[in-house]
Amino acid sequence: MPSLKELSRQPELLTGGHRLCAGCGAPIVVRQALKALDVPLVAANATGCLEVATAIYPYTAWRCSWIHSAFENAAATISGVEAAYRSLKRQGKVPGEFRFVAFGGDGGTFDIGFQSLSGAAERGHRFVYVCYDNEAYMNTGIQRSSATPLGAETTTTPAGEVIPGKRGHRKDLTAIMAAHDIPYVAQVSPSHWNDLVTKMKKAFDAEGPAFINAIAPCPRGWRHDGSLTIEVTRVAVETCYWPLYEVDHGKWRLTYKPRQKKPVEEWLKMQGRFRHLFRPENRHLIDEIQAHVDRKWEELLRRCGEI
Amino acid sequence: MAVQAVTQQKLALTGNEAVAMAMKQINPDVVAAYPITPQTDIVQYFSTFVADGKVKTEFVTVESEHSAMSACVGSCAAGARTMTATSSQGLALMWEMLYIAAGFRLPIVMPVVNRALSAPINIHCDHSDSMGARDSGWIQLYSENAQEAYDNTIQAVRIAEHADVRLPVMVCQDGFVISHSLMNLEVLPDEAVASFVGEFAPRYPLLDAEHPVTYGALALQDSYFEARRQIADAMSRAPAVILEVGKEYGRLSGREYGFFEAHRLEDAEVAVVAIGSAAGSAKAVADSLRGQGIKAGVLKVRVFRPWPWREIGDALGSARVVGVMDRADGLSNLGGPLFGDIRSALYDRTRRPLVVDYIYGLGGRDVSLEDIEGVFRDLLRIKDEGRVTEPVTYLGVRE
Amino acid sequence: MNKEPGPDRILGWKEMPTGAVITQAGNATRYQTGDWRSLRPEWSQEKCIQCLLCWVFCPDGAIIVKDGKIAEFDFEHCKGCGICAQECPPKVKAIKMVPEEEVTEVK
Ligand code: SF4
Ligand code: SF4
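Protein chains in written order, with this note's numbering: chain A, 1 to 307; chain B, 1001 to 1399; chain C, 2001 to 2107.
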């Protein structure tokens, strides 16, 4: 378990001067994730907030090699980089070790980039895919994705007179990636930096593909004060909305168990995107969300052998 | 560099086998490809080279053509010599990535086995797939037969990677007509190809720990235009490189390549312009018409991008009537893509021929020698009438 | 502050690296985001227990740690989000967010 003092000696691969909003969760996830590494790295990035705000010509906030090509193909792109590495390494043309990471938002990962992620995972490339999951298309202005939770208001799922926000629960991509039977899959939160860095280390050390899903609030889209970004993720963990667990070579393990599971309402009420759910006619949706969280949490406890 | 002619092996190969053979001899660092009819053989043959350890290539068996080109972009940017191959819908699925490969200035080489685009779905030859990609910043070489497909694939590596160019190259051959027909061709020794293509010298490789680079930054109103202007500049430098490489390849193999083949054009009054396998038939028809005293000639286009407009204008300028054979319809209300470019190449000339277009062979529709003779007869009629009444004709389609 | 090199003027197409590749890794440090800030974190070295939590949560890498201790705040890049102040342990609260216009001491 690394101390913050030790981590602070690691190079800062994402510099200041990027143009993500004040209080954005994505760069916190990236900074923490890359502290887990001490060999050279190539990063690929799907189109999205992180990509668009960290590399605006002629500036780049990346101190490692970095490539963005399109929206739906961060995994395919990094798989090509990794294949090149294996080929050139074998021929003695690349000295030293490299590691590979791909970053994508939930849109670029759950939706448009899902095929290329699934393909690259199945092929067994040695890379870590980190999804910074802010639960909607934030870069284009807060449209729903398949990671948007039930009831959340987005610009394409407005809380209307007839339809109160997003219909249906979000896709459980972490479990779907676990079903790929790749060496390492985990869910993380920047509030639990130690858990995050430890899992990233395991992911980078894995002999094949690894997938990390990181909750990464968007203060604008979630409508909370930018100073509360970390607190929002902490409450997500404490309510078991966002459980922290890993699937290490098929073995499910809970890495953090809240002392007392808080009602999901506490998480919902921190965010303007759920405000309409607190109107009497929509209360049933909160119950539905709670029931969903409860069921998923139980499922997880069972998978992890906790019950 | 003094290049010595080498002894070549004579083999009977299909177009796909010839291209797979060229790929084996090029021995790229990475191939990322996805199967599609009629390209599939290339991927299969290449897989056996990989499985048998005949190449050093890392073969990425992607889950789609979009991922094929995405992986090629990643691989080539990483610093590896990279190839793929595709056809038709596969090329269409790559569309987005074609522009990005060119925009990143990555010298990826891609054999394209031409096949019609849906709908309706069809697996046979026409050029609508690669013609649609003509503005993507890729160099396009077209082949008349398996020998040319082989030769072009090897030259493409040198053209793409040349310091003045640094653009990706498509090497096109007609689906089935060339890709699946056996031809006796001459194949260079492995070492000759290896030394002809040389070592890949990547520019800005991602895998340089000392010099990390950023690919794919957002370039806004202040710099996007400059980046695109650069690509245009590279494309305008490509012709000289294509000729230089074609000459050197000629010294090595005895088969020299230029922008196009001018067949009996010097004094031709009526000329047909064609791309791919149909050019062979057109040349045979022109020869037989010459026997009847008709001054017929053929221009076979090899290099379509960059467009060698000046040289093509010179070659066709003294004809009276030019018939362009387009194996792709632009659906533009004014014929196919080759037609527009041929006309444009001739426009500034003080004396210019009349130019008409023949859309033919869509979805693998056979084009017979009689059809082509009909085109020449049509051109003779237009010559006599001295004017064009119908600029676009659909050849061999049932009413 | 260690500044990475970056172009001081916008390049023409003849001088741009091909492919619009950026060859000066990390040169975004030359781009200032400090003027986005309306609130400024004021850090009290006396109160600080050097837990480094603010550092690990800052989205902009704007808290500079040297030899395991906070050395300074990078106001060229700090956007004033207030996460550091929020996350500083409740018993310590060594960071206070103050409106820029009320900042007297020039840092
Ligand atoms: S206010 Fe925000 S950006 Fe500034 S130092 Fe604190 S956490 Fe970093
Ligand atoms: S969080 Fe507070 S106590 Fe901890 S290092 Fe930062 S300022 Fe000091």
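Hints are computed from structural coordinates only; laboratory data are not their basis.
For each residue, glycine too, the CB sits at the ideal point set by N, CA and C.
Hints are supplied without guarantee of correctness; some may be wrong.
As the list claims (entries may be wrong) - Residues from chain C that face chain B, not an exhaustive set, calculated with beta carbons under 10 Å: (1) Ile2010; (2) Gly2019; (3) Ser2044; (4) Gln2045; (5) Gln2050; (6) Ala2071; (7) Met2097; (8) Val2098; (9) Pro2099; (10) Val2103.
Said to hold, decoys possible - Subject to a maximum C-alpha distance of 30 Å in a straight line, what follows is the list of computed BS3-like cross-link-like pairs (lysine-lysine): (11) A:Lys93 with B:Lys1024; (12) C:Lys2091 with A:Lys269; (13) A:Lys5 with A:Lys269; (14) A:Lys202 with A:Lys269; (15) B:Lys1283 with A:Lys93; (16) C:Lys2066 with A:Lys202.
To see whether the hints hold, each was checked on the structure:
1. Ile2010: 6 Å, holds
2. Gly2019: With a minimum Cβ separation of about 4 Å from chain B (threshold 10 Å), the hint on C:Gly2019 holds.
3. Ser2044: Where the cut-off is 10 Å and the nearest Cβ of chain B is about 37 Å from C:Ser2044, the hint is violated.
4. Gln2045: At 34 Å from the nearest chain B Cβ, C:Gln2045 fails the 10 Å test, so the hint is violated.
5. Gln2050: 31 Å, violated
6. Ala2071: 25 Å, violated
7. Met2097: Hint violated; C:Met2097 Cβ to chain B Cβ min 31 Å, cut 10 Å.
8. Val2098: 34 Å, violated
9. Pro2099: 32 Å, violated
10. Val2103: 32 Å, violated
11. A:Lys93 with B:Lys1024: At roughly 20 Å apart (the allowed maximum being 30 Å), B:Lys1024 and A:Lys93 satisfy the hint.
12. C:Lys2091 with A:Lys269: Holds, at roughly 26 Å.
13. A:Lys5 with A:Lys269: 35 Å, violated
14. A:Lys202 with A:Lys269: The hint is violated at about 34 Å.
15. B:Lys1283 with A:Lys93: With a Cα-Cα distance of about 48 Å, the restraint between B:Lys1283 and A:Lys93 is violated, given a limit of 30 Å.
16. C:Lys2066 with A:Lys202: The hint holds at about 27 Å.
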